[in-house]
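Asks: Listed in order, the protein sequences are those of chains L and F. Residue numbers for the first sequence follow this note's numbering, so the first one is 1 and each next one is one higher. Residue numbers for the second sequence follow this note's numbering, so the first one is 1 and each next one is one higher.
These are calculated hints, taken from the structure and not from any lab test. Among the clues, some could well be false.
Said to hold, decoys possible - Calculated lysine to aspartate or glutamate pairs in the DMTMM-like style (CA-CA distance at most 25 angstroms, straight line): (1) F:425 <-> L:98; (2) F:391 <-> L:142; (3) L:72 <-> F:295; (4) F:174 <-> L:98.
To be verified - Estimated spans, in silico, between C-beta atoms of each pair: (5) F:815 <-> L:72: 46 to 56 angstroms; (6) L:105 <-> F:171: 21 to 31 angstroms; (7) F:617 <-> L:175: 32 to 42 angstroms; (8) F:422 <-> L:80: 35 to 45 angstroms; (9) F:265 <-> L:72: 25 to 35 angstroms; (10) L:40 <-> F:344: 38 to 48 angstroms; (11) F:265 <-> L:168: 24 to 34 angstroms; (12) F:422 <-> L:111: 36 to 46 angstroms; (13) L:247 <-> F:375: 56 to 66 angstroms.
Ideal Cβ positions, reconstructed from N, Cα and C, are used throughout, including at glycine.
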Amino acid sequence: MDYHITHRTLYEYAAPVSVSHHVARLEPRATATQTRSSFSLQIFPEPALRKARTDYFGNQLCFFAIQEIHSKLEIITSSRVTVQPRNPAQTESSTPWESVAEMFRDPVSPEIIEPYQFVFDSPQIRASQELADYARESFGRDTPLLVGARDLTRRIFEDFKFDPKATTVATPLEEVLEKRRGVCQDFAHLGIACLRSLGLPARYVSGYLRTRPPAGKPRLVGADASHAWFRIFCPGPGWVDFDPTNNVQPAEEHILVAYGRDYGDVSPVAGILTGGGSHVVRVSVDVEPLG
Amino acid sequence: MSDAENINSDHDQPPMIQSQSQSASNDTSLKTPSENLLSGYKRSTGAFDELLAADGRIFQHYAKLLGEFEEFGAAELARRTDASQRFVNEHGITYNVYGDSRGMERPWQLDPIPFVIAPDEWRQLETGLIQRATLLNKILADCYGAQDLIRSRWLSPALVFGQPDFLRPCHGIKIPGDTFLHFYAADLSRSPDGRWWVVSDRTQIPTGAGYALANRLVTSRILPEAFRDNQVHRLAGFFLAVQNALAQLAPRQADKARVVMLTPGPHNETYFEQAYLARYLGYMLVEGQDLTVRDNLVFLKTLSGLERVDVILRRVDDDFCDPLELINNSILGVPGLVEAVRAGNVVMANALGSGLVQSPAFMSFLPGLCKHLLGEELKLPSVATWWCGQKAAREHVLKNLDRLVVKPAFRTHLKIAEVEAAELKRRIEFDPDLFVAQERVELSTAPSWMKNSLVARPVSLRVFLVADGNGGYRVMPGGLARISPDSDGKFISMQRGGSSKDTWIPSATPVEEITLLHSTRQNVELRRTGNNLPSRLADNFFWLGRYSERADATSRLLRSALLRFNPERAGGALPPLAPLLQTLETQGQLPGISDQPELWTNAEAFEAELLAAIFDATRPGSLRQTAEQLQRLAMLVRDRTSNDMWRVLSQIDDRLATPATSLVMLAGDAVGVLNQTLMGLAAFQGLARENMTRAQAWRFLDMGLRLERAVYLCTLLDATLRSPEAENPSLLEAVLEVVDCSITFRSRYNLVPTVPAVFDLILLDDKNPRSVLFQIKQLVKHFDKLPKERTDVASPGKIILENCLSHLERADARELASASADWKTSALARIIQETARALPQLSDAIAASYFAHSTISRTGRGEI
Chain L
1 MDYHITHRTL YEYAAPVSVS HHVARLEPRA TATQTRSSFS LQIFPEPALR KARTDYFGNQ
61 LCFFAIQEIH SKLEIITSSR VTVQPRNPAQ TESSTPWESV AEMFRDPVSP EIIEPYQFVF
121 DSPQIRASQE LADYARESFG RDTPLLVGAR DLTRRIFEDF KFDPKATTVA TPLEEVLEKR
181 RGVCQDFAHL GIACLRSLGL PARYVSGYLR TRPPAGKPRL VGADASHAWF RIFCPGPGWV
241 DFDPTNNVQP AEEHILVAYG RDYGDVSPVA GILTGGGSHV VRVSVDVEPL G
Chain F
1 MSDAENINSD HDQPPMIQSQ SQSASNDTSL KTPSENLLSG YKRSTGAFDE LLAADGRIFQ
61 HYAKLLGEFE EFGAAELARR TDASQRFVNE HGITYNVYGD SRGMERPWQL DPIPFVIAPD
121 EWRQLETGLI QRATLLNKIL ADCYGAQDLI RSRWLSPALV FGQPDFLRPC HGIKIPGDTF
181 LHFYAADLSR SPDGRWWVVS DRTQIPTGAG YALANRLVTS RILPEAFRDN QVHRLAGFFL
241 AVQNALAQLA PRQADKARVV MLTPGPHNET YFEQAYLARY LGYMLVEGQD LTVRDNLVFL
301 KTLSGLERVD VILRRVDDDF CDPLELINNS ILGVPGLVEA VRAGNVVMAN ALGSGLVQSP
361 AFMSFLPGLC KHLLGEELKL PSVATWWCGQ KAAREHVLKN LDRLVVKPAF RTHLKIAEVE
421 AAELKRRIEF DPDLFVAQER VELSTAPSWM KNSLVARPVS LRVFLVADGN GGYRVMPGGL
481 ARISPDSDGK FISMQRGGSS KDTWIPSATP VEEITLLHST RQNVELRRTG NNLPSRLADN
541 FFWLGRYSER ADATSRLLRS ALLRFNPERA GGALPPLAPL LQTLETQGQL PGISDQPELW
601 TNAEAFEAEL LAAIFDATRP GSLRQTAEQL QRLAMLVRDR TSNDMWRVLS QIDDRLATPA
661 TSLVMLAGDA VGVLNQTLMG LAAFQGLARE NMTRAQAWRF LDMGLRLERA VYLCTLLDAT
721 LRSPEAENPS LLEAVLEVVD CSITFRSRYN LVPTVPAVFD LILLDDKNPR SVLFQIKQLV
781 KHFDKLPKER TDVASPGKII LENCLSHLER ADARELASAS ADWKTSALAR IIQETARALP
841 QLSDAIAASY FAHSTISRTG RGEI
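Isolated chain F, as found in the complex:
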């Protein structure tokens, strides 16, 4: 293969996808558009339009959809668009935008008008895509095996050896069925002459299928009539094929096989999609730290021990999968994973090293390789690509720098957009292998809904394939269409404000209904438990419980304090609520207030301090920070909780964030916000109590909540007992109010609060869900249900709890009927203090027994 043959050979590929414009001469297939919906629709002159032929008539495959729109009119279409955005918000469909700290999660942008592709055209695309996936897979198999393509010069050695994505440790690993690409996606666009081109190949982690599924969910609901009438091909069959293909890969028998999806974590841009797909496909979503390798087998770390993993569907770049062999600067990943793969004990999808052929430089070799490897012409051409590693290509690029798009050939840190032409030229000449240039793509335009009218917007399409396990591929009938916000947009990026569309492939015949969730022919084994909970998630649920209760206790204490502030009080002195404020001080919301005597005589300054403790996001321990922690934790457990829980917590954070913009904040307004926060927290805790099954996730959430509540109660009771004003009924009323026991107290005693009665109710009454004893008893119950490492000895946490319990059960509040001078040294005071000290130890014991994700460290690199 000479340079001359290789260069730009994309242009003379004979079998092209037939363009619609060629069939446009067939008059019966076209329909004259109605004036009113399309009055604002301007067909761009330089581009292919997906809706209108050159003569201005509507393509047949859009006719039914347009007809439907005309029937219900622009106003209804606008209403349905609003409904679609509501769907997106309600289902929490989001996309993470890098570098955006506040509101990192953005609602997914969905255009309600589906992108429709004619069935015969789709069939040709399918054939071309299957050929391409097969070809790329064969190239990978050769590069990681015999390397005949390099030796026989079908492939330039530099393309493989010079690429950081060629993972040498993965060379020679035996891959089942030689299937490297279990998943493949391609970005397609259509040129002005109506031909489809591949703009990029996605082989490392082909993302987007989950968003395509989410788009389908929303679009089919807002356009049910059109969806039905067009007999749109369903997507479920594709995902069923995914399930079957991955199950077949398992080294163990298929019925025992455990498939997990490996995620980089909630901060990844497509985390929503990962959680969504994992849930849809029924796979556990895990992070690297959830997995461990023992005896060359991969295991999931769960609360009740290690569970074997057979197949890993990875959404993590391959060089981040094993810090031992796939060297990068991080220690993310699963040490020993490559060796486990090498031993055939676990299968990765896609195979490690698959990112290699994602390089655009490969595109210029594909026509030749296709003939050589498959004995066929390449059916679906790539956008014209020149890899500067080749002499003739390099010369062409240097001569045409102004009209070509220069890109890094390999995954790199290079930032070409910021480089001037002269500098770029110098760099290309110094290290030509690192650069490719591509023809600028003039995207076709598709009808889209913007500002209440149909407009033509540049569109590109990502399509998805899965290996069927028998050496072939299956194409998802549909895809993720993306549109540019501007009519002349050249690049579409969801990172930069693009929007997306559902993609419809209409069928001439009624389509088959498939669902993933059950198969009617098989007997389902009934289950009362879900998958075992990974330790990391147990940790997150525990802290979600703790923080929700911390927010609750903080809000209650601050509300009671604010309600009692009265600037008109004589001398500006504070009302008797020092124990409340000391509790907030001890627990970190009002740090250092005891050391500022001037505060205690200045009600206004104190009020400002209280407001800061609520709203100041920069202040450690403020309610606002707690709410942010809550939201962060909610994100970490999002694939295990309901959308309702997520929404409730988001609202709490939003509410606390709002007043930060207004300059003046009155105590009265703050009380209003605290009331709303408490309502939100009540909703969250109610959802947890009523909507979560009594499995491990709920158990850890509730343990966190109980423990935190006990901490605040003990701190408050201790501070009260030490206070010189402990007997002051107005202080005791405030204490009762904070713990929500005023009504109970009044109904029982019908008199002014006294210390023994109040302490009996809050400390020792095990029927009162806000008493210390109640929390301890709940914790004991939880502990009895936790998985145990050893049955013969009590766990350290259990011992701590038993101690607390026996002390509290022996305590008697009547002891406090004596003179107040003795209270500090009373047995009851000691019990409260001991319990307060024991609770953090209990938290540590739980972490040591159940969370224990020890840190990972590296040795050896650096010592010679």
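With the rest of the complex left out, here is chain L:
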């Protein structure tokens, strides 16, 4: 499936900003099942300095600095992406989870060093016995890894209520677990934390989701949003994605932008301002299917 994605972010500051530095991770990655035919990033006002590079996890990032006094910042991206249909992973026949966890206990083979990096605690995700206990309900003895992950995805979807007002990005996982509420970012973090508490490698993925209008209604332009989900490493198929917010295994309708250990590694736009006071942000995303 081909998509044209427009992502617009507008910051309005209460007080003038004299200088600001930003890092944006908005360029969709090229992967085995996803190709990117074009990408553009426009920034207003024009940054004094702008540098694109690849980060530690291989994501494309753009560093930019604005050095003129401004009270508005607008970032607009436009991407053309083709998502290939994926061969569904053989969930039932995947390796039992205990064997996978054992692979990632010291000493670890150099061949799996890449996924090994995603077993450890990260700034926003800390493994705990409590999370391990929650996860164990999905990961019984000898449960195939992907069966367990699919079940965990379902349980997060069923046990937790989507509630944009319940959390912020600073809400710790313990609180999400207690309130049983959150947004896609919290659910992705929760899934990852559960898996890592069992010693399994899991990644945080940021991206977009194609939304379908209710039957008979036209598609609303700009009504989509950024999305987040997680992926787990499975010997054989490699990384396999799960979306606990929608209780699905991403296929042709999830567009991947960046991945990392948690949200902090991939936040779409981060910035530090001198001045500015309080600010409001408006984000609009449009995922337009082509053809």
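Given the coordinates of chain L, assemble chain F onto it according to the supplied hints.
Replies: Only chain F this time, still in chain L's reference frame:
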């Protein structure tokens, strides 16, 4: 590398430092100790003693020192110990103790007996330390580069990937000369068999070299003969190497290079050391908010604009250096710094990310890594360490929990000391990577001076290395020795009452004298200005001036009021001094007194109110609070002011703090304290006037002082003019007394004070340093000398001042010769009120033009 090889491999490292006890068989090197100085010295049986061999004789390298002590005796040694503590106090050598609000700064604890290390033994230590620094640097270069050590399994991946101190944004940054560790320090201790072991590696911010230098300064002064006779190696050469190494790092030509030291600020535990070293090395001490990144270059924000910075010697943990890329929960640091480093426009020392190898978990890998990377055996062993991330090590630790010391493997919030064994075991099993266990260290003991006798105290030694810029390292010949206050102490912490020692490496030949301050061979370019003042410091000096004058004015007003209180006055009524009290009310020292009519008829209650305005630390605006503000500000500018200024201000605060403990405070006593406070403030202002060069720091201090003085004068004159008793000579006398003009007035007029004469003297006489006009004229002079953003238009502050000046110059005090009913509406009254209103605006204008450190905020995290 298998687990079995890795585990505890420290124990079979062949080349060890030769122990002194092995050379103890050589009889000529030992001396039988004298009875009297060492009569209280008990050699501990289980530990190595640095002074006495097993047979009770003195090691050769201590012989000269002990001989000297015997010559001048215990009484003289006690006297010199007192002198050393006086030195420490006078030089303001301090250490901040966390969690101690009152007297956060503690005097540095220094034991007068130096720790002496034999020259041949030191040479071996040096070789081992240089090897270790080289090794750790290579490990860092690999972890932040190719990561071959991880792929080839010399290093467990978890040790790097699982560590919060592995800073992913710093991976792949090109580091000049691949030097990550410009500075390295190690904590050493000596086991009972005489071998030296590394107990911890310091790679993030190796602290302590400045304290070692301060200890040297004091110890060499109190023991000059012994220092000379032992031909002790000097420390200055090491710091010269530091200067040279950092200058070489600069991306720009060395002669233009600006090196700054980045500090977390005065509340950091080693702030004294930072200020001391910065001054010694000639670097400006800056905080994150003093720096800014523009065009990918780092600049210092100064009064006259931005100045490029080339090298940052950091005393800030690396994850606090850039809130944009090195994520933590604070917004401290310099946004964009990592990108500037990445572009090669600024060099950090140590490199960002160097904290990685500080983890004790690395210790168990070092022997193998040393062979692999350097092709050598590890010369200086680490204390036996087991990292629980490895299976065999973990099993060993769980079996021996009771005799090992378990520590967090990584920098973390874990508090292990409070955890019970069973819980600890469970935690280790759940997340083994986070824990290491180490053998308990039995420290050696060294002679120390306690309660007037020589005693043996457990000692550990921190040693310091600097990269020489050519791929090698240089060791400071000496170090920071620390002793435990108890004879059986196992841990030494300056946070918990430990003391320190100078460390002497005697030389067989005369030592070279080096000084950092000048080189005789080079022509020195004469300078009449120092480094440009950072805006933040200008702000602090300005407020130091304001608060010192606020304290002065408050003290004067309160003193004059207290002196006039007389409980025997008929009806308990107050003497005519309402304008003085109203001034204190307006300025915040006696809030709300106008709304309490009962106070004005009760002299005793009022007196209590006045005493509270002096001593009550919890009361906003009290003199005590002002004094605390003064001390806080003095601390913020400490690296820019003399010790004398610091001492004077500390004494003011101390004096005001003392009476708080006594229950009864008489007005007479309070007047005494106020007199002393005023003397202290006079000393401070005198020091400022006579001892500070007329540079920006002094200018801002004096501007603050002038502005504050004008504020109080205008408030007092305004209140006087409104008072129904304005013509009462005893009120006017009080006003003259407050502004210290009684004598002048008497010499000019020789009659009872009248309103026009008093106002002429206090408001309009520009020869009187306590008149309003004098302050305004001084401020105008200062403004003309300040750096300007634009020359074509007057600054907002200048416009305000010009207005005040023209009004005051046109005023005529003879206007007040009329009936007092008209005074409130007189032109003079209006001028006083307008000036009083203009002054706060002037303060704001100065802040906007020169201090302007806008707040920093974060966006984007949280929006998806």
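Asks: Need the status of pair residue 174 of chain F, residue 98 of chain L: alpha-carbon distance at most 25 angstroms?
Replies: Not satisfied, since the Cα-Cα distance of roughly 41 angstroms exceeds 25 angstroms.
Asks: Just to be careful, I want the Cα atoms of residue 425 of chain F and residue 98 of chain L compared with a cutoff of 25 angstroms; is the pair within it?
Replies: Cα-Cα ~22 angstroms, so holds.
Asks: Is the straight-line distance between the alpha-carbon of residue 391 of chain F and that of residue 142 of chain L 25 angstroms or less?
Replies: With a Cα-Cα distance of about 23 angstroms, the restraint between residue 391 of chain F and residue 142 of chain L holds, given a limit of 25 angstroms.
Asks: At the C-beta level, are residue 617 of chain F and residue 175 of chain L separated by a distance inside 32 to 42 angstroms?
Replies: With a Cβ separation near 39 angstroms, residue 617 of chain F and residue 175 of chain L satisfy 32 to 42 angstroms, so the hint holds.
Asks: Has the given pair, residue 72 of chain L with residue 295 of chain F, been kept, meaning a C-alpha gap of at most 25 angstroms?
Replies: holds, 20 angstroms
Asks: Is the hinted range of 25 to 35 angstroms satisfied by the C-beta distance from residue 265 of chain F to residue 72 of chain L?
Replies: holds, 34 angstroms
Asks: If you check the beta carbons of residue 105 of chain L and residue 171 of chain F, does the distance land in 21 to 31 angstroms?
Replies: holds, 25 angstroms
Asks: Given the hint of 56 to 66 angstroms, check if residue 247 of chain L and residue 375 of chain F actually sit that far apart at their C-beta atoms.
Replies: holds, 57 angstroms
Asks: Taking 24 to 34 angstroms as the hint, is the beta-carbon distance of residue 265 of chain F and residue 168 of chain L inside that range?
Replies: Between residue 265 of chain F and residue 168 of chain L, where Cβ atoms are some 29 angstroms apart, the hint holds.
Asks: Should the hint that residue 422 of chain F and residue 80 of chain L are 35 to 45 angstroms apart at their CB atoms be regarded as holding?
Replies: Roughly 59 angstroms apart at Cβ, these two residues miss the hinted range, so it is violated.
Asks: Is it true that the C-beta distance of residue 40 of chain L to residue 344 of chain F lies inside 38 to 48 angstroms, as the hint says?
Replies: Between residue 40 of chain L and residue 344 of chain F, where Cβ atoms are some 29 angstroms apart, the hint is violated.
Asks: Does the beta carbon distance between residue 422 of chain F and residue 111 of chain L stay inside 36 to 46 angstroms, or does it fall outside?
Replies: Since the Cβ atoms of residue 422 of chain F and residue 111 of chain L sit about 38 angstroms apart, the hinted range of 36 to 46 angstroms holds.
This entry does not satisfy hints 4, 8 and 10, going by the numbered hints stated previously.
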